[in-house]
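> Chain by chain, the residues:
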Amino acid sequence: MNAVSSRRAEWTTRLAVAGRVVLAAGGGYGLAALSTALLSLVLPLSRAEAVTSATLLSFALMVGAAVYVFAARSLGRAAISMAVLAGILGGTLWLVMKMIQTGSPA
Amino acid sequence: MKNGFRQSMAWLHTWSGLVVGWVLFAVFVTGTASYYRSDISLWMRPELRQEAAFSPEDLARAAEFGVAHLQKHAGNARTWFITLPSADNPVLDLFWRTKPGTPPSQAALDPRTGEVSGLRETKGGDFLYRFHFELHMPPIWGRWIVGICAMIMLVALVSGIVIHRRIFADFFTFRRDKSAQRGWLDAHNVTGVLGLPFHLMITYTGVVTLALMYMPWGVTTAYKGDNQAFFAESGQITAPRPPAGRPGTLAPIGPMVREAIATVPEPLERLSILNPKDAAATVVAVFEEPHGLSHEHPQVAFDGVTGAVVEVRQGGLKPAAKTFTTMVGLHEAHFAGPALRVLFFLCGLMGCAMVATGLVLWSVSRMPKAGEPAFFGLRLVQALNVGTVVGLPAAVAVYLLANRLLPVGIADRSGWEIRAFFGAWIIMALAALLRPHRRAWTEGAIAVAALFVAAATADALTIGEARFLGFDTALLVLAALFAYAARKVSTYAPPQRERRSRQDSPALAAASRQPAQAFRTQKVLNEA
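These protein sequence lines are chains A and B, in that order.
If you're matching positions, the first sequence starts at 1 in this note's numbering and goes up one per residue.
If you're matching positions, the second sequence starts at 1001 in this note's numbering and goes up one per residue.
Please keep in mind that the hints were generated in silico from the structure rather than gathered at the bench.
Keep in mind that the hints are not guaranteed to be accurate.
Straight line, CA to CA, 30 Å or less: simulated DSSO-like cross-link-like pairs of lysine-lysine [what the hints assert, rightly or not]:
# : chain 1 : residue 1 : chain 2 : residue 2
1 : B       : 1224      : B       : 1072
2 : B       : 1224      : A       : 98
3 : B       : 1099      : B       : 1072
4 : A       : 98        : B       : 1318
Negatives, chain A to chain B, calculated, CB over 12 Å [said to hold, decoys possible]:
#  : residue
5  : 4
6  : 11
7  : 20
8  : 33
9  : 61
10 : 84
11 : 91
Remember, predicted model here, so these are calculated numbers, not experimental data.
No residue lacks a Cβ here, since even glycine has one placed at the ideal position from N, Cα and C.
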C-alpha cells in the first residue's frame, strides 16, 4: 500500500468513526425522544404514569442505541436501522397525535 | 466496528471513558463530598452551635422574622424560600429570586431574635453540591454538560461490562508486580467491578434527577409542555396557583406554620412563598421525607392571602411516580444513616478511583519507549490527568482552608472562598504542565496532603473545638492517603522481568505502542 492510499484509508476510518459518534449521539437521542413522546401517549396507564414510565425508560434506550451504533458492522448498516426505527416511531407518533386531535376533543 | 463485538466495545470503552473522564472525576469528587454536605456546611459555619430543639411556637416566630426581613429586603421577588431552623442547624436561611437569569440572593438570620446572624458568609457544602451538577456555570449549561457526560459514562459502563468476560475472576485479580500497565488495568477493574452496582445506580439515577430537562418530550406531547401540571398530576407537588395579577396582602405566617405542623407528623423543613405580593399568593410548607428510600416531601399548601389550607400532599404516589422518586432518593441518599452513609461515601471514592485509574491507564498504555518523544496527545492527557486528579482535591482543601483563614467580615467572603478554590485548581494544573510528568504526580500529591493538613491545622488553631474533631480527622486521613500515593509514585520502579522481556521481544515492544488494542485482543484470545 503506498503512502497516499494508506493516508486516504486512515481518513476514511476517521470519518467513519466521526459518523458513528454523530449517529450515536444524535440518532440515539432522537430515538429516545421519539419513543418517550409516543409511549407517553399510548401506554395504558394514567397520563402522568405514562409520561414518567416513558421518560425513565428513555435513557436506557438511548444507551442501547449508542452501543448498537458502535457495535454494528458498518456505519451504513447502523444508519439504515436507526432511520427505519425512527421512521416507524415517528410515523406512529404522527398518527397517534392526529387521532387525538380529530378524535376526542376532551 | 473493527474486528468483532468485543473489540469494538473495547474501543468504545477506551474513548468514551477518556473524553468525559476529567469532568466525571470532578463530578464524582464533589458528589462524594456532597454525602456530607450538611456536615461541611456546619464545619464552614463554626459560629453555629447545636441548640435545644425548636418547638412549633419557636418555628412560627422564626418564620415571622423571616417574612418581615423578606418584606423589607425582597419586596419585588417572585418567590421567597425560608429554611427553618433545627437543633443541628439553628439558623434561619432565607433565599429569594427576583428575575430568571439573575443570581438569587440570600440571608441568614438568628432564629430567636430575627437579627442578621453573625455567621461567616459562606456557601459551605452547597457550593460543592451545586458544582456536582452545574460545574459552577450558568445552570442550564452546567446541567447539560454533566448530563451528556453521565450518558457517555453509561455507555462506558455498558461497554466496560461487555469487555469483561472474566468479571468474577477480576474481582480477585491484582497483578501489581507484573507491569505498570497490568497493575493499573487491575486497579481499574477492581474499583470498577467491585463498585459496579453503585456506579450503574448512581449514574442512571443521576440522569433521572434531571430527567424532564434532558427528555421533556413526553411532557411535550401529553401535557403540551406544562411541567408544573405534570408534577402536580403525578402527585409530586401541590397544584400550581398562577398569580392573579392583582396586589394582595400576605396573611400572618405564624398560624399557617402552626397548622402545617399539626397536620403532618414529620419535622417542618422549609416554606416556599410564591408571588408574595399577589392576590393569589401561595405558601407551601415542605416537610422532611418520611422514613424510606423515596424522595417524597409531604407538603401543605395555603392560600397566602386568607391563610386557609388549599391542599395536603402526603404519600399516595402511583408506581411509576414512586419509582421516579425512589431513584432520586437513592441518588441523594437522604435516607442513609451514619453507617450506610459511610458505605455510600466509600463507593463514591471507589467511583473517583475508577475514573482516575482509567485515565491513568490510557496514558500508561501509550507510553513511548525510552528515547522516543511523547506525542502531543499523550502529553495533553498526562497534564490533564495530573491537573484534575490532584488539582481538584487540592482545590477542595484550599476551599476549606480559605474558610478558616479569610477575615470573617470582608465583603463578598463566599465569593473569595470560591475564587480560592478555582485559583488553587488553576495553579495545580499549570504546575503539572511545567514539571516532568512523574515529578508532577509526586509534587502534586504532596501538595494536596499538605493542604489537607493545613486545613485541619487552621481549624484547630482558629476554632479548636472538640465537635470538629471527626471532620478534621477525616481531613488528616485524606492527607495521609495522598502522602502515601506520593511516596508510592516517587519510589516506584518498573519490575525488572518485564523490562527484559520487552527488550527481548520486538513483537511485544511493538505491541506496547498500541497496547490498549493488543492487550484486549490478547485478553479476548485468552478468554476465548
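> Hints first: check each against the structure and report whether it holds.
Now the hints, each set against the structure:
Using a Cα cut-off of 30 Å, the hinted pair residue 1224(B) and residue 1072(B) is violated, with the two alpha carbons roughly 38 Å apart. A C-alpha spacing of about 14 Å is found between residue 1224(B) and residue 98(A), which places the hinted pair at or below 30 Å, so the restraint holds. Only pairs whose Cα atoms come within 30 Å are accepted, and residue 1099(B) paired with residue 1072(B) is accepted, the gap being roughly 18 Å. Using a Cα cut-off of 30 Å, the hinted pair residue 98(A) and residue 1318(B) holds, with the two alpha carbons roughly 29 Å apart.
Every beta carbon of chain B lies more than 12 Å from that of residue 4(A), the smallest distance being close to 23 Å; the non-interface claim holds. With 12 Å as the threshold on Cβ separation, the claim that residue 11(A) sits away from chain B holds: the shortest Cβ distance comes to roughly 16 Å. Interface exclusion of residue 20(A) from chain B breaks down, the closest Cβ pair being 7 Å apart, not more than 12 Å. Not every beta carbon of chain B lies more than 12 Å from that of residue 33(A), the smallest distance being close to 5 Å; the non-interface claim is violated.
A cut-off of 12 Å between C-beta atoms contradicts the statement that residue 61(A) is not in contact with chain B; the least separation is 10 Å. At the 12 Å boundary, the C-beta of residue 84(A) stays outside the reach of chain B, the nearest C-beta of that chain being 20 Å off. With a closest Cβ-Cβ approach of about 15 Å to chain B, residue 91(A) is found to remain outside the 12 Å limit, as its non-interface label requires.
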